[in-house]
Each structure stands twice: as C-alpha cells, then as structure tokens.
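Engineer: Chain order of the listed sequences is A and B. Using this note's numbering, you'd call the opening residue of the first sequence number -11 and step up by one each time. Using this note's numbering, you'd call the opening residue of the second sequence number -11 and step up by one each time.
Since the hints were made in silico from the structure, they are not lab data. Be aware that a few hints might be false.
Note that the list lumps identical chains together, so a pair holds whenever it fits in one copy or between two copies.
What the hints assert, rightly or not - Calculated pairs, PhoX-like style, for lysine-lysine (alpha carbon to alpha carbon, straight line, at most 20 Å): (1) K106 with K51; (2) K176 with K131; (3) K51 with K184; (4) K68 with K106; (5) K131 with K184; (6) K51 with K127; (7) K65 with K93; (8) K65 with K33; (9) K33 with K127; (10) K33 with K(-6); (11) K106 with K161; (12) K106 with K93; (13) K51 with K101; (14) K184 with K93; (15) K(-6) with K131; (16) K51 with K124.
2 protein chains.
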Amino acid sequence: MAAAYKLTYFNVTGLGEPVRLILSYGNIDFEDIRITFDDNWPSIKPTLPIPYGQLPIFEHAGKIAHQSLAICRYAAKQAKLVGSNDWEDLEIDAAADTINDFRLKFVDYYYEKDPKVKEPRKATLYKEMLPFYIEKFEKQIEKNNGYFAIGKLTWADLYFVGLLEILNFILGKDLTDGAPGLRGINEKVRAIPQIKAYLDKRPPTIR
Amino acid sequence: MAAAYKLTYFNVTGLGEPVRLILSYGNIDFEDIRITFDDNWPSIKPTLPIPYGQLPIFEHAGKIAHQSLAICRYAAKQAKLVGSNDWEDLEIDAAADTINDFRLKFVDYYYEKDPKVKEPRKATLYKEMLPFYIEKFEKQIEKNNGYFAIGKLTWADLYFVGLLEILNFILGKDLTDGAPGLRGINEKVRAIPQIKAYLDKRPPTIR
C-alpha cells in the first residue's frame, strides 16, 4: 500500500531533513522522493505541484502543502513532539523560528554571488552571528534541561538536528564544537532508535 | 486590573501590528507598550527581557515569549482564528510563512546600506518579486473564497493586513492596486467591528 504521506525534496539534507527526522521519530510511513543532481530539475519543476516554486512539498490524501516549518509543525503533531498547551507550543514555535533566523544568516552568505558582498557577510557570520546565537542557544538549552524548549524533547530539537548538517557544510566546521548544549541535543536526537534507523538507511548526500 | 497580556514593540506598525490586530479581533485585553523615537532605545533595551535582542516580546502570567509569527499563532488560538484540524492549520501556517517570505524581500532591500547592493535589490523587488508573489497570492485567494487559506477568515489574513502598512511604506505605493484579492482581504479585515475600533483608537505612527 502506498504511504499516506509523500515528501518531495532534493537529495540533500537541508530543509527536507527536519521533516524526515520528525516523521521517522513518529514511525510515520512516508514516500521520501529525492530529486538528484542527475535529474534535470528545470524540466521536472513544471511537472510538480509546487505552490511557490520551492521545495519541499508535502502531499497527503490528495492535498499538497509547502513551507518546511509549517510541514514540520504538522508532522510534529502527528509524532507527538509538540507541547501540552498553547503557551508551550508558543515556546517551541519561537525556538524553531529562531533556529530558522540563524539558518537564514548562513543562506544570505552562502548563496550570494558577488564576492564584494559575500566576503563581508562571511565575516559577519563568523565573527558576530555565530557567537551571538550560540551563546544564547547555550543559555536557553541550559534553562530547558538540555533541550530547546519546555524542558524536554520537542520538534524544535529535531528541526535543529535536521539543519545541522547543511549548516556545518556551509561553515566548513562543526558549529557544536565548544557548544555542549547544542552538541548534546545532536547526540541525544541521533541516538533515538527510530532516528538512528532512518539515518542508517538514508541515501548518501553530498551535503 | 492589569491586562493578562503585554505586548512590547516600537510605535510603528511592522511586526507588532499583526499581533495587535489578532488580539483586538478576539477582544483580548492587552497592554500595548510602544517604544517611541523620543525614547532612548539603546538605554531601554538592556532593561527589557528580550531573549534574542529583538522586539516584539509578549508577556503573560510571568512568562516572556518572542518571535512575532509564534506570538501571532498563540494569539490566534485564543481569538479562534485557527483551523479546525491539523491540516487546516498547516495551510494557514504555510500562508503566513509565505507572507513572511514576501516581507523579507522588502526588508532585504530596505535595510541595505550599500547603494551598490541596494539598487539591484530594489529592481529585483519591483520587477520580479512583486509580480511573482502577487500573481500567486491572487490565485490562492481566488481558490480560498477571498481569503488566504481554508476558504474563510484566519490569522493569515490578519497577518497580511497587519504588515501591509509597512510594506506599502517601503514600496512607496499601495501593493494591493490591481490585486483585487489582496485588496478585498484588507477591506474585509478593516471593516470587522473589533478591528475597526482598534484602528480608530491606535496612536498615530510614522509608518
């Protein structure tokens, strides 16, 4: 029988990986469609039901959704990685949005083509943004019992772990070096049996 | 008696206004703290409990939250502007995230200081981003019975209307000109009695 859910993304970690981790955590069967670099993306793109030109897209019961954070939140509700009241969900959502703000600093630098713009952005990322966010993340994780929010494992943690590989790829080093809170989250999440099983079986990616 | 909620932002519309509109819609009493340009923001900032250096912040029952989208979603749950199942909420969340992506194109241009970077960004915003998003928004609104999602009024509509004033300020014109779907949402939301009452009593802002 076909899986109830279908995720379409490229064969990289990036914005698809947090969704894959959350679905795997919940033992939710999904079709993991990966467009590879051998595929002709410009010719495939018009054949896909992409609402705003961007992947991932997520399909279920004949309906199509986009926006990776929104998909993660939906998947997290099914996987029981959300809070137990509205304020807890606010804290989890705010943590995920802040991790996304952090990600956008990487994206702004990495995808810039003009070297005159790219170099100062790289300097700002390394010298200002990384220490600013990592210091605050560490304090937040310390206050939250080793997690991003509400003192226990939530989808904000899986969102971070899912993005970590591409952030480290862009950075050229492991950003959890010297950040025991972030490192701890990465290790704890990767050790969860369902997550470990997914990581062991996923196809290799270049980033 | 003090209001149960307290929102702290600057005396502009911006990221605070969607929260103000959603709370007003729900008749939820809140303290509407506005830091003005006469206040000395750099001296006030260290006195506020700001988790990641940015406003708005939102306080309730001794707890503090940040991230405007997360605050909007929380407020929308209290104001009953959310969906009736997880997939509907996914569609609303995706609409709000897409409106936020659109906003970020304005921010990327407006706050850039280097004229050599700013000018091409302005050109991209006007010639590519505006027509791209507006065409897609119009189609989405047409499919959704005159609203952004699930065929009825949700917080995604109030999120758009709350941001519209600052987007128009940056653009120097009304982006709903020639976009009947977006214009219709703005008019419908502003005509809701609780929203109209808020708009009539809010302090004047420069943008």
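Engineer: Decide, hint by hint, whether the structure agrees.
Structural biologist: How the hints compare with the structure:
1. K106 with K51: neither (39 Å within a copy, 39 Å between copies)
2. K176 with K131: within (17 Å within a copy, 43 Å between copies)
3. K51 with K184: neither (30 Å within a copy, 35 Å between copies)
4. K68 with K106: So K68 and K106 fail the 20 Å test inside a copy (40 Å) and across (44 Å) alike.
5. K131 with K184: neither (27 Å within a copy, 41 Å between copies)
6. K51 with K127: Close across copies (17 Å), not inside one copy (40 Å); limit 20 Å.
7. K65 with K93: neither (28 Å within a copy, 30 Å between copies)
8. K65 with K33: For K65 and K33, the Cα distance exceeds 20 Å both inside one copy (29 Å) and across copies (36 Å).
9. K33 with K127: Between copies only: 19 Å across, 42 Å inside.
10. K33 with K(-6): within (16 Å within a copy, 45 Å between copies)
11. K106 with K161: Answer is within: at 18 Å inside a copy they meet the 20 Å cutoff, but 31 Å across does not.
12. K106 with K93: both (12 Å within a copy, 18 Å between copies)
13. K51 with K101: neither (36 Å within a copy, 43 Å between copies)
14. K184 with K93: For K184 and K93, neither the intra-copy (29 Å) nor the inter-copy (38 Å) Cα distance is at most 20 Å.
15. K(-6) with K131: neither (36 Å within a copy, 23 Å between copies)
16. K51 with K124: So K51 and K124 pass the 20 Å test across copies only (18 Å; inside, 39 Å).
When held up to the earlier numbered hints, the structure conflicts with 1, 3, 4, 5, 7, 8, 13, 14, 15 and fits the remainder.
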